[in-house]
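> Guided by the hints, dock chain L onto chain Y, whose structure is given.
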Amino acid sequence: MIEVRVHGRGGQGGVTSAEMLAIAAINEGKFAQAFPSFGPERRGAPVVAFARVSEKRIRNRTKVYTPDVVMVLDPSVLSIVDVTEGLKSDGMLVINSAKSIADLRTEFGFKTSLARVDATHIALQELGLPITNTTMLGAAVKAAELVPVEALVGPLEARFGRIAAKNIKALRRAYAETEIELV
Amino acid sequence: MAKRVGIEVSLAISEAVKLAKVDAVAAYPITPQTHIVEHLSELVAEGELDAAFIPVESEHSAMSVCAGTSAAGARTYTATSSQGLALMNEILFIIPALRLPVVMTIANRALSGPISIWNDHSDIMSVRDTGWIAIFVENGQEAFDLTLQSFKIAEDHRVLLPISVNLDGFTLSHVIEPHEFLDQDEVDRFLPEYKPAVQLNPDDPVSMGTVGVPEIYAEAKKCQDEVLKGSIKVVKEVFAEFAEMFGREYKVVETYRAEGAETLLMTMGSVSETAMEAIDKMQEAGRKVGLIRLRLWRPFPADDLRAEMGSVKTLAVIDRAVSFGGAGGPVAGEVRSALYNVDDSPYIASFIAGLGGRDITVDDFIEMVDQAEAMAKVNEIHEYKMIGVRE
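Chains as they are written, first to last, in this note's numbering: chain Y, 1008 to 1190; chain L, 2 to 392.
Bound conformation, chain L alone:
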């Protein structure tokens, strides 16, 4: 086992990007993503990373530059948060449509207003339908490992789609904790050089980003969705290869002490680890409660989710964003759709918690389980319940 190194999670991500030998980084600093790109700019300035670091005047430009460098065949990375992601929005749609394997870290943060620099998932939820693969990490080790794996997934010629690696801003990005790093040789064995399928080259010109007239637009979009849905196969292959080489296993849907559980809590991101403490406490008290976590948000792993529903009677889904005017949190809505036509599907309770940096404590998780089980008993029709809110 490699030695554990105590380092801030943001810096561990920068190290992963360095080990991936990216060719181009274009980014604009925004809290709480700043430390990642700050450290990358240092690595480039000190000659430790041979890449073009392209400072830009806005996130819209950052993502536009990423489109250009990736189209030219460069392994391309960026990072952002919240309002920065919102400002990228126009270009976010274009990157997957052009089949450009850009990797982006999103240090998840609430969207204004009121102005908040603190963590929730409203930023990533606002770009749900842009066509990016979206992965969630729960701790620094996963942030390091999955940043590296993202390049391999994105650049696979069966995929060629951008990936966002989502980590909770501050509550994960700014924590110093132990990491086991891989060395350059190990990474080189795992992650080959990026070979673009098509690239912009003046000596061999191609057109990218052309008009899609009504006779072709629908087919283009159908193709894009097929590729995104099909990428789950490659995600699983890359996870398996990484586990084989380095011993750390990842799944698109993860569970914790879920065998035989009648109630499952569902989480995404770093609150999952606190939720595990709650599960331990409830199981000690004899309760049949387990945890299920979505690692992959897009493509949505519906089949893998259904496969975990065995004995489950109640599913308590925790969202960290509001879908204003909608019938529940964005994750809960997705889960309800995935399980609607399934025989004996569980009762699904939708909770929204942890908005704008509010902690979700062990007691909060236990309260959600209590409430979900009570609601299931009477089959309560509801949209969502917000936890830990003053009303």
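Chain Y on its own, in the form it takes in the complex:
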């Protein structure tokens, strides 16, 4: 089972990215869960969402305490939240940042495998908005074995309707542009 935690800010669609991932996995015949950090929605406040993907039926219904994958949708949360809390030592941290992997390691002391993409830049170009949830999904599925990138197309089409094509383009661009450093 792979456990995922998504960090973002309220209104950036972190919950949606967890949902898209779970639906894509279920469509692929796997088992999956996605759920928000339950509470009142607070636009702009740091929030988290969770997903689990497994080949077997999932029974654990607690929050994700020791994620295998952490996605950071908004680089500004890096300085106020410990995004690596509980991250397994062989886990993968996937960050939206314009900075290089080396600079991110120096600044924040990240020890695990690390992937980065400038998702805000891609989202601004493709969507015209700094909403990075679908873009960062492309980075996450490149960096970790969650679902094939093509498995996300159907769920994105179903969710985003007339703006799905732009989101799918952003997803594919992030998949292509994500840099990964394994440790």
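Hints were generated in silico from the structure; no laboratory data involved.
A virtual CB, placed ideally from N, CA and C, is assigned to each residue, including glycine.
One or more hints might be untrue.
So, partial list: chain L residues that the calculated Cβ filter (under 8 Å) puts toward chain Y [claimed, not checked]:
1. G7
2. F171
3. Q185
4. S271
5. V323
6. F325
7. D360
Distance condition first, Cα-Cα at most 30 Å in a straight line; then the derived BS3-like pairs of lysine-lysine [to be verified]:
8. L/K4 x Y/K1176
9. L/K4 x Y/K1070
10. L/K196 x Y/K1063
11. Y/K1173 x Y/K1106
12. L/K223 x Y/K1070
13. L/K196 x Y/K1149
14. L/K196 x L/K223
Only chain L this time, still in chain Y's reference frame:
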């Protein structure tokens, strides 16, 4: 096997209500039940569900409208949580007394104060004695299946009582997970049209909700309790019919790896699935520990519970509500009563955990088993112990 569909559990419940072809929905939105009725209002607005969706100004009105529509012979559904359920309280007693088969989802949530929108079972426990059948579900599939089965149980002429289907708010209601849906033909074969025994009809008038003078009140209440107790037979019949048609089996008392167990954990609701992980872990370590889960809370399945007590020496009952000033959690109290006069009845430890949205983790379950076994060894007299609380 049907294809598994990834969908939020709240929406799966709405789909079940649609497939049940309800005639009337009266509801007021309250977190964390909101998504259920929101989706139902969409289904009605889009013409996918031919029902009267009656928006109201409060939960008291919602349940009052349900009384009216159900009395008029309409298949009636509502959903609520926490303070909303509390506001319905006056009418909750009247629905079963009038023998109205209303089906209600309760997305279980703590009661104020302090204000909490998060999950525990204090709402359903506060309406324990209103006379409703109360069923607990553990996952989205069960929420879908048991919503459909509830209409059939409630509307059986041997029952004609309301049912609450309880699911943990947020921790279950807001999770996207796989579901296997039934199609309309399958549901139609299972769930026939509702035929009321008596209904309000201007052309054939009847009186409902009349005064019960001292000469009749006690008999009315005794009848009501007999019917509620007797409904367990119909619950089992409907579970069996559903299993026969669709292959998914339900029992009023469920067990997991309980054969030969000397210690049993007892749970209700979605924490049961996490508890299974704890049982697996403890059995791998060679411990004789199993799990028992109450699916039916009312009527209380005392006989079925007693039948599972075979080799059990210690029973650790987990409550998710406080009975203030009482001698243990509400479920533990019930279980102690059911087993008190039984020969060789197990030692019963009462734990309260998971209040107001606090997780109960695998380690918490193991700790409760450890504590219960230690308490049993010295036959410790106690009321309850709260787990994971800062003191």
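> Compare the structure with each hint and give your call.
Hints and how they fare:
no.: 1; hint: G7; result: 3 Å, holds
no.: 2; hint: F171; result: 4 Å, holds
no.: 3; hint: Q185; result: 21 Å, violated
no.: 4; hint: S271; result: 5 Å, holds
no.: 5; hint: V323; result: 21 Å, violated
no.: 6; hint: F325; result: 25 Å, violated
no.: 7; hint: D360; result: 4 Å, holds
no.: 8; hint: L/K4 x Y/K1176; result: 28 Å, holds
no.: 9; hint: L/K4 x Y/K1070; result: 27 Å, holds
no.: 10; hint: L/K196 x Y/K1063; result: 42 Å, violated
no.: 11; hint: Y/K1173 x Y/K1106; result: 25 Å, holds
no.: 12; hint: L/K223 x Y/K1070; result: 45 Å, violated
no.: 13; hint: L/K196 x Y/K1149; result: 56 Å, violated
no.: 14; hint: L/K196 x L/K223; result: 25 Å, holds
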